[in-house]
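*Asks:* Here are the chains, one letter per residue:
There are 2 protein chains.
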Amino acid sequence: MAEMINIAVVGFGNIGSYFYKTLEKNKNNISVKTGKIPNIKYICAKNINKKRSIKIPKSKWFKNPLKLPLIDDLDIIVELIGGSEGVAKKLVFSALKNKKHVITANKALMAKYGDQLAELAESNEVNLEYEASVAGGIPIIRSIKENLIANKINKIYGILNGTTNFILSSMESSKKKFSDVLNEAKNLGFAETNPSSDLDGNDSASKLRILSSIAFNKTISKNKILIEGIQNINLTDILHAKKLGFKIKLLSISEIKENKLIERVHPCLIQNNSYLANIDGVLNAIVIDGKPIGKSIFQGEGAGPGPTSSALISDLCSVMRGNIKFPFGISSIFRKKIAKFNILNHSCSSYLRIEVKDLPGVLSSITKIFSKNKISIKNLIQNPDKKNKKASIIIITHTNSEKNYNNLLFNLTKNKFVLKKPTFIRIEKM
Amino acid sequence: MAEMINIAVVGFGNIGSYFYKTLEKNKNNISVKTGKIPNIKYICAKNINKKRSIKIPKSKWFKNPLKLPLIDDLDIIVELIGGSEGVAKKLVFSALKNKKHVITANKALMAKYGDQLAELAESNEVNLEYEASVAGGIPIIRSIKENLIANKINKIYGILNGTTNFILSSMESSKKKFSDVLNEAKNLGFAETNPSSDLDGNDSASKLRILSSIAFNKTISKNKILIEGIQNINLTDILHAKKLGFKIKLLSISEIKENKLIERVHPCLIQNNSYLANIDGVLNAIVIDGKPIGKSIFQGEGAGPGPTSSALISDLCSVMRGNIKFPFGISSIFRKKIAKFNILNHSCSSYLRIEVKDLPGVLSSITKIFSKNKISIKNLIQNPDKKNKKASIIIITHTNSEKNYNNLLFNLTKNKFVLKKPTFIRIEKM
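One line per chain: the protein sequences are A and B, in this order.
The first sequence begins at 7 in the numbering used here and counts up by one.
The second sequence begins at 7 in the numbering used here and counts up by one.
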């Protein structure tokens, strides 16, 4: 008879119960393919009595998740609590120390403690799998570690957050403003009640740190990196961008430049005929640029119970098939730190929207600041708002450095005609 | 010290030598990741004395590939000869029988003998890997078998042939005719000297049979399926399609309908804002529609030495990591045949171009044939060519069955006004 693999699921909300259902449904298929029978033996939930669409046998409920790692007849712990600290952290560390395989969907935990956890997993000869932590509907982690193993990757980038992508594409298609679309996203279940880590780019940044670590065979960077969210993107910017042939997307970009690592998450103007410009709604997409494969592109749903369960089960089957694998594809001994590329030397062209008083001499005062900072202007559009005695100046610049842009923004903000800090969005060539 | 894995490469053209170079370059990286050292010990080539960009130590050349399976200190045979018969077939069968792992890029062999080969591999407890046989730059085979293991896939479709996609997209962008673009493709190395199996759809069909077998856990279908190539696609069709908001693409589509399998390869009109319409040049793209993942999309280069080597090395590492895996993700015992969906019951709307004599009564005669066959017309454009006393009638139909279209085409071709067999292209909803 096939060996039974005992599993504990910790955290039993939407994702947990969908995972449970999907696994039960596919049990036979999975047993046939892996030669082992997955058996969810224990389930921990904050509230056992919560109304659920599935019936869980009473015997499966387990009270204290932190006692799970000490149970003998348990092989795998699936951590679905979330958050980089607290119970999730304690549980995963203790599970690995006690030689239990761990499967987690927790990007915050992996981005923060992934290196230590990988070392623990390696020394205790168990697996630590986390496919669901980045873009659930895209099998990107295993693809980099296994399918693209022959490649020297020099850049990995894409759309890693479905909530913000939904908001930006809805603003464009419906011409509604940010706050309205955000409420819509909440009602549709595409944004959490507190969506701050999505909106401010931190969710994307955690995912990016995980991906670039695997892609470049380096430890997870703890660098302070450029992270800007979409909170300050105005409908007017989206419409101006559209007129100029661009779309605004929140991109996550990691690349090796002069043997140094540059990671950044920020809104970008990209040509509207480029591949990523056409990824709308809650979709995620990731582009890997490597040798010898060229560009390999992956697209799918980023989150939600379905895609996440698909990723969790692929992790589960990978563990069940046996073979202890390095969590980051390579032994911790060989994962070195990589120097950080100085972001001030990064260069790109850019889009600026400057709100000014509509007075004589404004334009010459503004353009003087540009020339003082050695930033040359490619396009300039002035939109007067006579009624309010204001004007918007939209500028597309030629390529320049982050350093000069910083000074430019500082000088512009100080200028007596300028009403508020200008909106600055980098233009990313694709 | 790490274990040495001895490899023989059989077939040493462009792909073989690129694979060799890439493997040598990545040897250290691969050893670190797999814990074993890959060693190409034997190389077989039709012509040993051919000028090559790399130097091969004399000791590696091996004359008779069919003797390789009998060598004791050989672990893996990489078959790069091609073709479903002859040496390739003999070599792969004999290698598996002699308990050598096999890695092959040979789609024709896998599509024809994959089931038998998988049984052999399974009973001899060796691996048979063939990631490079379908869309080299897209890790699709391992993705279906492992990353998407939790999913019930009901449809898999896409662009599986780079040569034909290059030709169709170049015709559209350059407005050149088929034969000119084909010559260009040959000069650029995007089409083989004899490109017939690319152009007539058979190359795509082999790949589709492999993919649908893995996706649906069934044996490879030997069904006579609908295969149409692009040889009869005229520039005028591409331009008409464009005006109507469509692009013409050679798609490969496999799906389960009423528990039966329908596989087809044919040119399609697809909405020009759909994802696949924007896959241009030699790119390949594959869409998987499954539960619970939703749509998972993969895009990359289809062929060429780089992408193919990437796929071959991912196979190599999979073998080197150990673990004997079922070649089709599931034991041969469980791979059942699936009934064939009757293509005559397949329905779609369609595009027709009918070349007729420019005489009175033509239009009524033609439209009468449509109504007799119960096919209703959505759009009709008549383009007279007064000088030659001809006219082109372009018709977009409402949805109808393959059966009725067959009758329609038969009746149209017989009609006295019709100059030649009409061009008929199915419209595929995406």
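Hint data in this document are derived by calculation from the structure and do not stem from the laboratory.
Possibly wrong hints are sitting among the right ones.
In silico SDA-like links for lysine to any residue, alpha-carbon gap of 20 Å or less [claimed, not checked]: (1) B/Lys331 with A/Arg327; (2) B/Lys42 with A/Asn160; (3) A/Lys31 with B/Lys151; (4) B/Lys31 with A/Asn160; (5) A/Lys331 with B/Lys33; (6) B/Lys42 with A/Asn240.
If you want the footprint, here are the derived chain A segments under chain B, 3+ residues with CB under 8 Å [stated by the list, open to error]: (7) 21-32; (8) 36-47; (9) 152-164; (10) 291-299; (11) 326-334.
Beta carbons: idealized from backbone N, C-alpha and C, even for Gly.
*Asks:* Under the constraints set out in the numbered hints, which ones does this structure not fulfil?
*Replies:* Of the numbered hints, 2 and 6 do not hold.
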